[in-house]
Amino acid sequence: MTDIPAAFLTALRLIVTLDPQLAGIVGRSLYVSLSAVVIAGAIGLPLGAAIAVYRFPGRRAAIVLLNGLMALPAVFIGLTVYLLVSRAGPLGFLGILFTPAAMILAQCLLITPIIAALSHQVLRALYESYREQLCSLGARPRQIVWTLLWDARFGLTTVVMAGFGRAVAEVGAAIIVGGNIDRVTRVMTTTIALETSKGNLSLALALGVVLVLVAVGVNALAALLSGATAPRG
Amino acid sequence: MSILPLMLDGVSLRRDGRVLIDDVSLTIAAGPKTVILGPNGAGKSLLLRLCHGLIGPSAGRVRWSGPEAGSARRRQAMVFQKPVMLRRSVRANIAYGLRLHGHAAAVRAARIDRVLARTGLAALAERPAAVLSGGEQQRLALARAWALEPDVLFLDEPTANLDPGATGAVEAIVAEMHGGGAKIVMTTHDLAQARRLADEVVFLQRGRVAEHAPAADFFAAPASEAAAAFLAGRLFW
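Residue numbers (our numbering), protein chains in the order written: chain A, -17 to 215; chain B, 1267 to 1503.
Hints may contain errors.
Unchecked claim - Straight-line C-alpha distance at most 20 Å; calculated SDA-like pairs for lysine to any residue:
{"id": "1", "chain 1": "B", "residue 1": "1348", "chain 2": "B", "residue 2": "1450"}
{"id": "2", "chain 1": "B", "residue 1": "1348", "chain 2": "A", "residue 2": "114"}
{"id": "3", "chain 1": "B", "residue 1": "1348", "chain 2": "A", "residue 2": "106"}
{"id": "4", "chain 1": "A", "residue 1": "180", "chain 2": "A", "residue 2": "-11"}
{"id": "5", "chain 1": "B", "residue 1": "1348", "chain 2": "A", "residue 2": "120"}
{"id": "6", "chain 1": "B", "residue 1": "1348", "chain 2": "A", "residue 2": "-11"}
{"id": "7", "chain 1": "B", "residue 1": "1348", "chain 2": "B", "residue 2": "1427"}
{"id": "8", "chain 1": "B", "residue 1": "1348", "chain 2": "B", "residue 2": "1292"}
{"id": "9", "chain 1": "B", "residue 1": "1348", "chain 2": "A", "residue 2": "180"}
{"id": "10", "chain 1": "B", "residue 1": "1348", "chain 2": "B", "residue 2": "1432"}
{"id": "11", "chain 1": "B", "residue 1": "1348", "chain 2": "A", "residue 2": "-13"}
{"id": "12", "chain 1": "B", "residue 1": "1348", "chain 2": "A", "residue 2": "110"}
{"id": "13", "chain 1": "B", "residue 1": "1348", "chain 2": "B", "residue 2": "1399"}
{"id": "14", "chain 1": "B", "residue 1": "1348", "chain 2": "A", "residue 2": "111"}
{"id": "15", "chain 1": "B", "residue 1": "1348", "chain 2": "A", "residue 2": "54"}
{"id": "16", "chain 1": "B", "residue 1": "1348", "chain 2": "A", "residue 2": "108"}
{"id": "17", "chain 1": "B", "residue 1": "1348", "chain 2": "A", "residue 2": "133"}
{"id": "18", "chain 1": "A", "residue 1": "180", "chain 2": "A", "residue 2": "24"}
Read the hints as simulated data drawn from the structure, not as lab findings.
Since the structure is predicted, the reported quantities are computational estimates derived from the model, not experimental observations.
Chain A on its own, in the form it takes in the complex (with noise of 0.2 Å):
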């Protein structure tokens, strides 16, 4: 094992020089879970609000559900996408198999779950101190979804970049229905598996420092915006 120190120093040659396969896959892996994210986020954070808010038959097994919902495992999810999209499935005729649009859905079924429990969390307590002076002042149900959304954005960013931390780690389903198509499909997560598996340690250490940089530097991020324009008090 004494090419690990060789390997990590070839890993930090990568990022500091910016190598353009590197990039490559980085760009890649951003740009689905980015857009993983925000088609979660413009679904699961008002579906959290309206669960907070609206009263329904079923709105306990609904949370229930949900909470279970998170812990899904990525790999079933690429197995259920990957029947979804393929030749035979019901999307067949999209013909996105093996296409970033198909581990974008993916990613999305995996974290929009966890988008709408998390911020039905965050919005249930805010509810119930609203909730008296909002029908008060003779807001409905759908006003009061947006208010809440908009006062507890800060809380909500937290809840956006677990999800996103969530999208941008998971391999099991990005390589079921990517399929780690070199230049195509390949993203951070199946490029440290594949090279791994392979013994190309340098660059999957490489991709690995990067994946946990985006990481804590996307929650750092969150945690300095919330930090710096969060109302005191």
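Chain A is fixed; fit chain B onto it per the hints.
Just chain B, lined up with the frame of chain A:
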């Protein structure tokens, strides 16, 4: 033209088998400041919420029977014991209610400036509401209600958490709103405050209206035993 009078007809509220408001029939007419007085747990806050429509009665009817009753929802406002501040600036807190009521931007700006000046908050307009002191927050809650120019203002123990100075400021604003034509319906357990503010008193005892009388009569010679005991500072179960 007003949404008043407010008529409560045999109103009861039951929760988990307990009777919290018990067959209350009451007419609240335009004009005098009405103070709902009573010990803790008498049901004052619940009665106020029933009047305002935040909760529905288990039995009986709450109805506005004035000429403008059709728009009752938009012509009443409420200030709570613990002011609820939206996580926005002082100005945006007031604008929020006006926007819900469908007022145009120009109307909003004019009304906001007016109520900020009248409640002494003009200098704090751009501050986040969350950083205000308790007294300032309650004044903002009043300003937010005032901007809506309600026919009726409900206040639920608005000074229970405030020091004497802030209490005085709140009472002065309430008096000024009343002077401007708003009907005041306020709960309190504070006898001194009731004496200062009330034109008429609804005395509540264990979910029932024990007495409904002009303030002068009530404080001089309470008709009910429960009210007499409360005024004398004795416990009465």
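Results of checking the hints against the structure:
no. : hint               : result
1   : B:1348 with B:1450 : holds, 18 Å
2   : B:1348 with A:114  : holds, 11 Å
3   : B:1348 with A:106  : holds, 19 Å
4   : A:180 with A:-11   : holds, 14 Å
5   : B:1348 with A:120  : holds, 19 Å
6   : B:1348 with A:-11  : violated, 61 Å
7   : B:1348 with B:1427 : holds, 8 Å
8   : B:1348 with B:1292 : violated, 27 Å
9   : B:1348 with A:180  : violated, 64 Å
10  : B:1348 with B:1432 : holds, 14 Å
11  : B:1348 with A:-13  : violated, 61 Å
12  : B:1348 with A:110  : holds, 13 Å
13  : B:1348 with B:1399 : holds, 12 Å
14  : B:1348 with A:111  : holds, 10 Å
15  : B:1348 with A:54   : violated, 42 Å
16  : B:1348 with A:108  : holds, 14 Å
17  : B:1348 with A:133  : holds, 18 Å
18  : A:180 with A:24    : violated, 39 Å
Of the numbered hints given earlier, the model fails hints 6, 8, 9, 11, 15, 18; all others are met.
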